Amino acid sequence: MGVQRGGRRIAVMAIVLGVLTVACHGTSTGKSSPSAGAGATFTYDVTSQVMIGWDPATGYSNEVIAMNNMYEQLTRYDSTTQQVTPLLATSWQSSPDGLTWTFTLRSGVKFHTGRTMTSEDVKASIDRTIKLNGGAAYIWGPVDSIDAPSPDTVIFHLKYPAPLDLIASADYAAYIYDTRAAGSEDLAKWFEQGHEAGTGPYELDQWNKGQEIELRLKAFPDYWGGWNGPHYTRYVFRVTPQATTAAQLLRSGQVSMVERMTPQLWQTFQNQNGFTTTDDPSWQTLLAMLNTSYGPLADERVRQAVASAIDYQGMISALHGGAEQISGFVPPGLWGHVEDLPNPTYDPQRAQQLLAQAGYGPGGKPMTLTLTYVQGDADEELVASLMKSDLAKLNITVDVRPLAWPAQWAKAKSSNPADRQDILLFYWWPDYADPYSWFINLFHTESKPYFNLCYYSNPRLDHMIDTVESEAATDRHKAIATYKEMQELLLKAAPALSLYTQVYQRAMLSSVKGFVENPAYPNVVFAYDLTPG
Amino acid sequence: MIRYVVRRVALAILVVAGVVVLTFVIARVVPGDPAVSWAGPHASRAEIARVRHDLGLDRPLPVQIGRYFIGVLGGDWGTSIHTHRPVLSDIMDRAPASIELVLVALLFSLVVGIPLGLVSAKWPGKTADGVIRVGAVLGVSMPAFWLALILQLVFFQRLHLLPVAGQYDPNLDYTHPLTQYTRMVLVDALVTGNWSVLRSAAAHVVLPALVIASYPLGVITRMVRASVLDSVGEDHVRMVRSLGFPERSVFGRFALKLALNPVIAVVALVFAYSLANTFLVEAIFDWPGLGSYAADSISSLDTPAIVGVTLFVAIVYVLANLIVDLVQAWLDPRIALR
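Chain order of the listed sequences is A and B. Going letter by letter, the first sequence gives residues 2 to 534 in the working numbering. Going letter by letter, the second sequence gives residues -12 to 325 in the working numbering.
Where hints are given, some of them may not hold.
What the hints assert, rightly or not - Each pair of labels, with its calculated beta carbon distance range:
(1) GLY322(A) / LEU140(B): 21 to 29 Å
(2) ILE52(B) / PRO150(A): 51 to 59 Å
(3) LEU146(B) / ARG116(A): 52 to 60 Å
(4) GLY115(A) / ARG32(B): 39 to 47 Å
(5) GLN144(B) / THR532(A): 28 to 36 Å
Claimed, not checked - Covered stretches of chain B, as calculated for chain A (at least 3 residues, CB under 8 Å):
(6) 13 to 25
(7) 140 to 154
Bear in mind the hints are in silico, worked out from the structure with no lab data behind them. From a predicted model like this one, the values you see are computed outputs, not experimental measurements. We put the CB at the ideal spot given by N, CA and C, even for glycine.
Make a model of the complete structure from these sequences and hints.
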């Protein structure tokens, strides 16, 4: 009995398998399937889940690569001209003291909900973002109150002078949205169910949580910019964690553009018929924070010796085009960037002399330094091992410890200075197009360490940091001069080494025209600005 | 029999609870604050403190575990740190894809493995037996990631026969949208008669399923061979043979019947094992299952998600064990008496 039943079951299984096999036969493979990149659909292949959160007030992760196509800010930063350009606001001006900012709004802007945007909506969305105080909402810290005296005018009153035109252009927390979109429902809950209420060129079509094709957007017919001329009218986000798979998808034309590949894979698309590649510096700078308060690196001579002991060029070439050396700490494309600053150079002899003065180096006292970096980051791992071998030549032993970021940070913030690392590798980037972020966070005196993980304290530098934002609000040229002075000071005192900035290596179908990298909006592709070829 | 069932179920619950406590403690002992991952890279002190409080991370560990258990009983498995969504719904979204993959792999292993085992047992020591046994050992010991890459290289890169990754051609979502009932694409496509998606999904499942099948295929083949050889030597089979039944029936019916018991046991265990084994394979084939979810959870110190996935796999494991125990007890009443 049992055998017969079993036999029948196996027979059924065999039939099902047979059906599957037949079904497989003649199935089109990736090679022959219709190209999603052609025509009016732009398919952006990204490495990880897109929509982490849906609330435009608190969105602070990967979702901004989609939100920047569904929502808009008052202004946009143009990294090519290093200027702020109009978006939802057509013009703006600040009072001479930098405390009052008046924005004139574009007329005829519609939300995806159908309502027309007015100054009341601008006030309501920024007020709500400030009130929720999640994600990057702190960028609005200077704002005291917002007025909407007429439908096309918004006035910001600040507590202290700040460059509000830059803040308003931020990658996140600066979106203008319809706060009445949910009607009587709770707006935050409504967003989290997978809704949007922006003014951007694309509106939500479909969201498939956790699926490979995670998100589809479609052209918003009433977009203020209009749809004359060639535009992509559909925008698909496809999630492919494996770089090799992403490369295969691009090669077979199933995606239009790949967010990130390994340099080796990216090179296979260079000078290839049918593909375009770009490599532009990002604002993701890798820093080595040196412990200025405890251990051997508290001695400025030792820090300078370490700065001279590292083969920067060798490091860059080991990264195969994935990184670019920068002058100073502010990356290119961001105002405040200054070319030809006195960066440290590879000079082992100088390093040896400085170490000898401090009693270390070959023949002197041996030195051991702990270095922490973010586990799983292949670039940081490479940098750590190169630094280890460069310093080993100078009788310095580096104890390299990969840690998950929360653990690395916890160690760096230890209340006992002896528990902290000597060298910490991490990336820093600004939350809006302002170099202020590096200086206030990384180098301003902190009573308890938070992001100043070199534990550096310099009253002269503190004073410059405290005044530079108001200079940026009123006289940007003066602010640029201050940023130059601060960078020179930091390069000399060497509390941190500015190792390099990451390079965005993108590959796309050559039918995608008009792509310009804007590092102020990391990994965002503004599909409206592209032309399908 | 009832006492036996109660004992097994109670033991199963205890095991699952133990696994949860262990995972929870290990995940929390690892240095680092999950709130940091939640709050985002440049979050302020106040923001992180608020998140810690919201997530209940500022409470003592036993309280956190206690609250977690109460939550689990009520269907609340916590909120994932990296997706910011309920863990249970994340798992329910992802698990069907993994289960579908494993089921296809097991089906293949059974359909191929049982005949191979029988052939092997029929002519022990002969060339066919040798080839099958070597193949079985290879299948069991082959590293999955290596096999996966080789198959991709051959069937996608060289032969252009099968797609390289994914669950089905995503362009079909435009032309032939799939209505989802079970979230298992093959099943949904079959039920709704969506032949385009079915064809595409079937082509996509072949390579990952083959990779996952390599282990169970080896195990099943060897198990069938060994137990058939065992039972062939037993009196009643010798008697059947002496009664003049054709050799085919002797093997295919009488010997196999006895041999099937241990095979059933092994299949259930291999199913649970394969569910965890898919993690690596899913990463390579971009399969939208539990594996990629688990990998993301680990890299962001996502305790609720890590514990959730572990709990899910533990439940499947324990359920598989339980079913084996009960089926065996039902087939062979002597077991329940032990």
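query = Which earlier hints turn out false for this structure, listed by number in ascending order?
reply = Hint check: nothing fails, all pass.
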